[in-house]
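**Q** What follows is the residue order along each chain.
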Amino acid sequence: MAITLTFEHKIIPTDKQGYLLDHLLWQKELALVMAENDEFELTDAHWEVIHFVRQFYLTYNTSPAIRALTKAMKAEFGEAKASSRYLYKLFPEGPAKQATKYAGLPKPARCI
Amino acid sequence: MISSDTQIEDNLSQNNGLAIINSKAPFSSDYGKDALDVALIFGSFEQKVSLFFQGDGVYQLIANQDATLVSIKDYLKTFSAFKFYDIEDIYVCQQSLVNRQLDETFHIEDVNVLASVEFGLALNRHQHVLRF
Numbered sequence: 001m002a003i004t005l006t007f008e009h010k011i012i013p014t015d016k017q018g019y020l021l022d023h024l025l026w027q028k029e030l031a032l033v034m035a036e037n038d039e040f041e042l043t044d045a046h047w048e049v050i051h052f053v054r055q056f057y058l059t060y061n062t063s064p065a066i067r068a069l070t071k072a073m074k075a076e077f078g079e080a081k082a083s084s085r086y087l088y089k090l091f092p093e094g095p096a097k098q099a100t101k102y103a104g105l106p107k108p109a110r111c112i
Numbered sequence: 001m002i003s004s005d006t007q008i009e010d011n012l013s014q015n016n017g018l019a020i021i022n023s024k025a026p027f028s029s030d031y032g033k034d035a036l037d038v039a040l041i042f043g044s045f046e047q048k049v050s051l052f053f054q055g056d057g058v059y060q061l062i063a064n065q066d067a068t069l070v071s072i073k074d075y076l077k078t079f080s081a082f083k084f085y086d087i088e089d090i091y092v093c094q095q096s097l098v099n100r101q102l103d104e105t106f107h108i109e110d111v112n113v114l115a116s117v118e119f120g121l122a123l124n125r126h127q128h129v130l131r132f
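Protein chains in written order, with the working numbering: chain A, 1 to 112; chain Z, 1 to 132.
These are computed hints drawn from the structure, not numbers from a lab.
Cβ coordinates follow ideal geometry from the N, Cα and C atoms, glycine included.
Fair warning: there could be bad hints in the mix.
Listed below are the simulated PhoX-like cross-link pairs for lysine-lysine, each with C-alpha atoms no more than 25 Å apart in a straight line [said to hold, decoys possible]:
no., chain 1, residue 1, chain 2, residue 2
1, Z, Lys77, A, Lys97
2, A, Lys107, Z, Lys33
3, A, Lys16, Z, Lys73
4, A, Lys74, Z, Lys77
5, A, Lys89, A, Lys71
6, A, Lys107, Z, Lys77
7, Z, Lys33, A, Lys81
8, A, Lys71, Z, Lys83
9, A, Lys81, Z, Lys83
10, Z, Lys24, A, Lys97
11, A, Lys71, Z, Lys33
12, A, Lys89, A, Lys107
13, Z, Lys48, A, Lys71
14, A, Lys97, Z, Lys73
15, A, Lys71, Z, Lys77
16, A, Lys107, Z, Lys73
17, Z, Lys83, A, Lys74
These stretches of chain Z come out as covered by chain A in the derived footprint (C-beta under 8 Å, 3 or more residues) [what the hints assert, rightly or not]:
no., region
18, 35-46
19, 68-82
Full structure from sequences and hints, please.
**A** Rendered as structure tokens:
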């Protein structure tokens, strides 16, 4: 099932699962459209993770898998937000998988 | 002499998981990227992994390389994220640096420069070795 992502009257190229092929096309409004297509609501807590994941990618050139994500979040936000429990509550289908999607990044290759 | 023998025995008796040897320059082949992927997978599953750089592999640790000039994703940037994957044991062969007239300055911190004998001993502490 191919999903076409249209944004501001333009077609944004994605892979089969809806991840952007070019992360430079990302912007917040585009993420909102992507989430809406998935019927997924983004709260401030979601945005915090999304921005964090995007910054991780821009710094290290890789999308973090869940364990690296929790370790990195711990360094940034402290213990409370650094558990996989917290992250799975926000992103039930898998924090690394879902957050990278709305952050406009490739799906993590080492994906859990 | 006794103390150094004991030291060696101690080292040999330790089971230090997986060692990955990087022996190729970073962007002329996929070996370095493949080695990195294996290291990060092991790290993601809390498996102990150590990285060894020797031969042309030492070029992977040299700073200020721009892979985008040859249209390749710069996977060396990912080395700075090792701490999030519990990859802390990083060794480089001193002789390989000397042979290539490279300084002991790297783009990541906490790299252990070892003379050939120590490099070999460190490698021997591992139960499994993968060479890329």
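**Q** Each of the hints needs a verdict: does it hold here or not?
**A** Comparing the hints with the structure gives:
Using a Cα cut-off of 25 Å, the hinted pair Lys77(Z) and Lys97(A) holds, with the two alpha carbons roughly 21 Å apart. For the hint pairing Lys107(A) with Lys33(Z), the CA-to-CA distance comes to about 17 Å; that is within 25 Å, so the pair holds. Restraint check for Lys16(A) and Lys73(Z): satisfied, since their Cα atoms lie roughly 22 Å apart, inside the 25 Å limit. A threshold of 25 Å between alpha carbons decides the hint, and for Lys74(A) with Lys77(Z) the separation of about 21 Å falls inside it, so the pair holds.
Annotation: proposed proximity of Lys89(A) to Lys71(A) holds, straight-line Cα distance about 17 Å (limit 25 Å). The straight-line distance between the Cα atoms of Lys107(A) and Lys77(Z) is roughly 18 Å, inside the 25 Å bound, and the hint therefore holds. Restraint check for Lys33(Z) and Lys81(A): the C-alpha separation of about 31 Å exceeds 25 Å, so the hint is violated. Distance restraint check for Lys71(A) and Lys83(Z): the Cα-Cα separation of roughly 9 Å lies within the 25 Å cut-off, and the hinted pair is therefore satisfied.
For the hint linking Lys81(A) to Lys83(Z), the alpha-carbon distance of about 18 Å falls within 25 Å, and the restraint holds. Between Lys24(Z) and Lys97(A) the CA atoms are separated by roughly 32 Å; this puts the pair beyond 25 Å, and the hint is violated. Of the pairs offered as hints, the one joining Lys71(A) and Lys33(Z) holds, with about 23 Å between alpha carbons and a cut-off of 25 Å not exceeded. At roughly 19 Å between alpha-carbon atoms, Lys89(A) and Lys107(A) fall within 25 Å of each other, so this suggested pair holds.
Pair hint Lys48(Z) plus Lys71(A) holds up; C-alpha atoms about 16 Å apart against a cutoff of 25 Å. As the CA atoms of Lys97(A) and Lys73(Z) are separated by approximately 21 Å, the hinted pair is consistent with the 25 Å bound. Between Lys71(A) and Lys77(Z) the alpha-carbon distance is near 18 Å, which keeps this suggested pair within the 25 Å criterion. Distance restraint check for Lys107(A) and Lys73(Z): the Cα-Cα separation of roughly 15 Å lies within the 25 Å cut-off, and the hinted pair is therefore satisfied.
Pair hint Lys83(Z) plus Lys74(A) holds up; C-alpha atoms about 12 Å apart against a cutoff of 25 Å. Closer than 8 Å: that is the beta-carbon criterion, and the region 35-46 of chain Z has 7 residues meeting it against chain A, so the requirement of 3 holds. For the region 68-82 of chain Z, the assignment as covered by chain A holds, since 7 residues bring a beta-carbon within under 8 Å of that chain's beta-carbons and 3 suffice.
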